[in-house]
Amino acid sequence: MGMIDVARRHRGTASIILAVAAAALVAGVSVGAQADDDWWSPDSGRTFQASKDYGNPGGILRVLLKDGPMETRGHPFFSAVGPSGRACVTCHQPADSMSLSAKSAQDRWDRTAGKDPLFAAYDGSDCPTLPQAERASHSLLLDHGLIRIQRPWPAQDVAGKPIKADFDIEVVRDPTTCNSGGFGPDKGKISVYRRPRPVANLKYLLAVGFAYDPKQGMPLPLDPESGKPMSGNLMADGRAGTLNAQMRDASSTHLALLKHMDAADMARIVDFESRVFAAQQIDAAGSRVDTGGAEGGPAKLANSEAGQLGSIGRPVWSEFEAWEKPAPGLSPKQAAFRASVARGAKVFRDKTFLISDSAGINSPIGFGNPVRNSCVFCHNMTQMGNDVAPGQVDLGTTNQPFADPMPWLPLFRITCKGPPHPHYGRVIYTSDPGYALTTGRCADVGKITLQSMRGLSARAPYFSNGVAKDLRGVVDFYERRYKIGYTEQEKQDLVNLMSVL
Amino acid sequence: MRAAAALVLLATGAGAATPDSTVRFITCPIYRDADSGKKSGCWLADDRATGLRYDVSVSPSKPDWNHEVLVEGNVSSGARDVCGGVVLDAVRTSVLPGPCTRQMLPAEGFTGRKFVLPVRNVRPAAVPRDTPPGPYAARSFHLFFDFDAAFLIYQYDDYLLDEAITWLRAAKPRAITVTGYAATIPTNVSGRMIAEDPAIARVRAEKIGEALARLGIDRRTIKVRWRAAGGPVAVAEADDLPDASRRRVDISAVF
Chain A
1 MGMIDVARRH RGTASIILAV AAAALVAGVS VGAQADDDWW SPDSGRTFQA
51 SKDYGNPGGI LRVLLKDGPM ETRGHPFFSA VGPSGRACVT CHQPADSMSL
101 SAKSAQDRWD RTAGKDPLFA AYDGSDCPTL PQAERASHSL LLDHGLIRIQ
151 RPWPAQDVAG KPIKADFDIE VVRDPTTCNS GGFGPDKGKI SVYRRPRPVA
201 NLKYLLAVGF AYDPKQGMPL PLDPESGKPM SGNLMADGRA GTLNAQMRDA
251 SSTHLALLKH MDAADMARIV DFESRVFAAQ QIDAAGSRVD TGGAEGGPAK
301 LANSEAGQLG SIGRPVWSEF EAWEKPAPGL SPKQAAFRAS VARGAKVFRD
351 KTFLISDSAG INSPIGFGNP VRNSCVFCHN MTQMGNDVAP GQVDLGTTNQ
401 PFADPMPWLP LFRITCKGPP HPHYGRVIYT SDPGYALTTG RCADVGKITL
451 QSMRGLSARA PYFSNGVAKD LRGVVDFYER RYKIGYTEQE KQDLVNLMSV
501 L
Chain B
502 MRAAAALVLL ATGAGAATPD STVRFITCPI YRDADSGKKS GCWLADDRAT
552 GLRYDVSVSP SKPDWNHEVL VEGNVSSGAR DVCGGVVLDA VRTSVLPGPC
602 TRQMLPAEGF TGRKFVLPVR NVRPAAVPRD TPPGPYAARS FHLFFDFDAA
652 FLIYQYDDYL LDEAITWLRA AKPRAITVTG YAATIPTNVS GRMIAEDPAI
702 ARVRAEKIGE ALARLGIDRR TIKVRWRAAG GPVAVAEADD LPDASRRRVD
752 ISAVF
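Protein chains in written order, with our numbering: chain A, 1 to 501; chain B, 502 to 756.
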């Protein structure tokens, strides 16, 4: 039954999945019930299990609920609380590592003829003004896994007070029609399109490793509610520094609530979100990632201290160091895959390249432009691969000329009114100004917060704008951007590494 | 000045540099891709007036190959040349707005320096700080900045601020005065007159006032003020770089 379920979800990779599911059964783990059960609709009244496995193209993801299981009936994360009929779980699906894959959105469209609350006009379509019954009106969600994010313009501080920006923003291209007419900067609304971030392993994203933000040259800002420093790693554009702030933002936008959630509901959601851990448990070759001396999988995450800097503690992805040595009893395929993962971890840590013209790395922090380093320069948190410091960095995924062509996205022209941008000059073309929509600073245009690298196999496509359709696409982007010179073997090793995280 | 006592000359190409002398010039930086691993690349800067090439790699904040750089440093009296320039062993490099054509040299046999964590590095937040011993009395701390900048320099100012806040938390002064300074007196560097924008003194002071508040100091005890024409300060943290020390913030504890 489990094998049938997994094969249905990923027909294109049936042979791999069958092998993986067989291995899972041998290992004594559940691979789920039926295909429909992988999708959590609001108010389903189901039990969130303490441990549940879900198939994906890279093997099997495991989602743990520490101190679980939990009944979800009436729980605010799982309840449709607004007029759209959505719940938090709609866009944070357990099978997708508590995010949302484009594949799941496509399946949902096919199963419900576009009637699922996921496709709510407000942000589950390219623009609310489009004819909602047509698939084309939801193309960004269906084809790229993107949700519409409407940001106020001018940018606002945490109290809702307008920030005086040091740049002007104009709309150059508006394929979704949601940055013109009744929308757009002239109407105080800027629409950008982003992937939902995973609501799992959050203690790592909330961890404060150091008291200072080296990218901003200041101590970390304080949460107005608790008075404690905020990690700065939650949202792509840094607009919410705490889970409570994120909930207020999401409830008034994605859930279309007219009022904020009450304190009791928010406390229940925080409690749930703080206990969810998700990571790949079984790899594409059918091996558990916590065997043979390796320490992958979500259980290790749930029981480890968060916020450790790999360079002064346990190196990033050293969980797979034991796989550097061949182990007896493995099939040739399993042995080769493990060796590749172990090599990928070393390439990730040790293959250096010149990083240049990337705000948040090469400016204003004084690393220099350029600076030689490897992937772990930014992906430096042990076990998670996000940035211990607040991770607002411009990799060029949204800014021209580094961004890949994305004619389906809006294009904005940014004109810096004060000092020019340190790397782009006075005028910047971008599909998403990112952090600058929060700070109002030209120097922050295109900065996107690094996120967790766990559960990647379950939640394609990648980058905040979904421009990398698979893990190879991620590697290829970096190769183009920084002219790294990866060999074909190194590229595959990195893909295999990321697939088991 | 250190230069007065120097007797030995370091021969480098057509010119010569005097050990322990101080240099100050503006130029376009050169990056040498000496690959000894992470952060091992060399930063070189040619003083066009003397024809000498300096190794400015140990500056806490590094150059940007797209922009001019103000170099302020002291010539080392014995450091080995691993980059292809006279080593400045105490040096600041301030990125200036002026454009440069980016220039990168290959290693050409120069190894660069394998990265080691600087002495001035902030420990993780979870690591307990030793309580500075009392008795506590009036005391000042100093933070130093790049030219026309108010950015807390990584692995320099953050370390100095961490030292200050650790002492202030223990000493619990009645009040704290934060004074920002700007180096507004014009000086001739590489044939041009440079002076900081007076407004940067206020920006520096207000940023450090906010920084102290974020680190737990009661805002009501913090008094922020600013001054132009900053003079030098001779403290160990200034690394014997008097011109750079004019660009600073003083944090003074009042009992």
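Quick caveat, the hints were computed from the structure, so don't treat them as lab data.
Quantities reported herein were computed from a predicted structural model and do not represent experimental measurements.
Here a beta-carbon is modelled for each residue, glycine too, at the ideal position from N, C-alpha and C.
Take the hints with a grain of salt, since some may be wrong.
[To be verified] Cβ pair distances, simulated, as ranges: (1) 160(A) <-> 581(B): 55 to 61 angstroms; (2) 267(A) <-> 733(B): 50 to 56 angstroms; (3) 628(B) <-> 225(A): 25 to 31 angstroms; (4) 225(A) <-> 707(B): 21 to 27 angstroms; (5) 157(A) <-> 616(B): 33 to 39 angstroms; (6) 735(B) <-> 160(A): 44 to 50 angstroms; (7) 627(B) <-> 110(A): 45 to 51 angstroms; (8) 175(A) <-> 733(B): 54 to 60 angstroms; (9) 131(A) <-> 626(B): 23 to 29 angstroms.
Status of the hints after comparison with the structure:
About 58 angstroms separates the C-beta atoms of residue 160(A) and residue 581(B), a value consistent with the hinted range of 55 to 61 angstroms. About 55 angstroms separates the C-beta atoms of residue 267(A) and residue 733(B), a value consistent with the hinted range of 50 to 56 angstroms. For the hinted restraint 25 to 31 angstroms between residue 628(B) and residue 225(A), the CB-CB distance of approximately 26 angstroms keeps it satisfied. As the Cβ distance of residue 225(A) to residue 707(B) is approximately 24 angstroms, the hint placing it in 21 to 27 angstroms holds.
At about 38 angstroms, the beta-carbon gap between residue 157(A) and residue 616(B) stays in the expected band of 33 to 39 angstroms. The supplied range of 44 to 50 angstroms is met by residue 735(B) and residue 160(A), whose beta-carbon atoms lie about 48 angstroms from each other. In this structure, residue 627(B) and residue 110(A) meet the distance hint of 45 to 51 angstroms, their C-beta atoms being roughly 49 angstroms apart. Take residue 175(A) and residue 733(B): their Cβ atoms lie about 58 angstroms apart, and the range 54 to 60 angstroms holds.
Taking the beta carbon of each, residue 131(A) and residue 626(B) are about 52 angstroms apart, not inside 23 to 29 angstroms as hinted.
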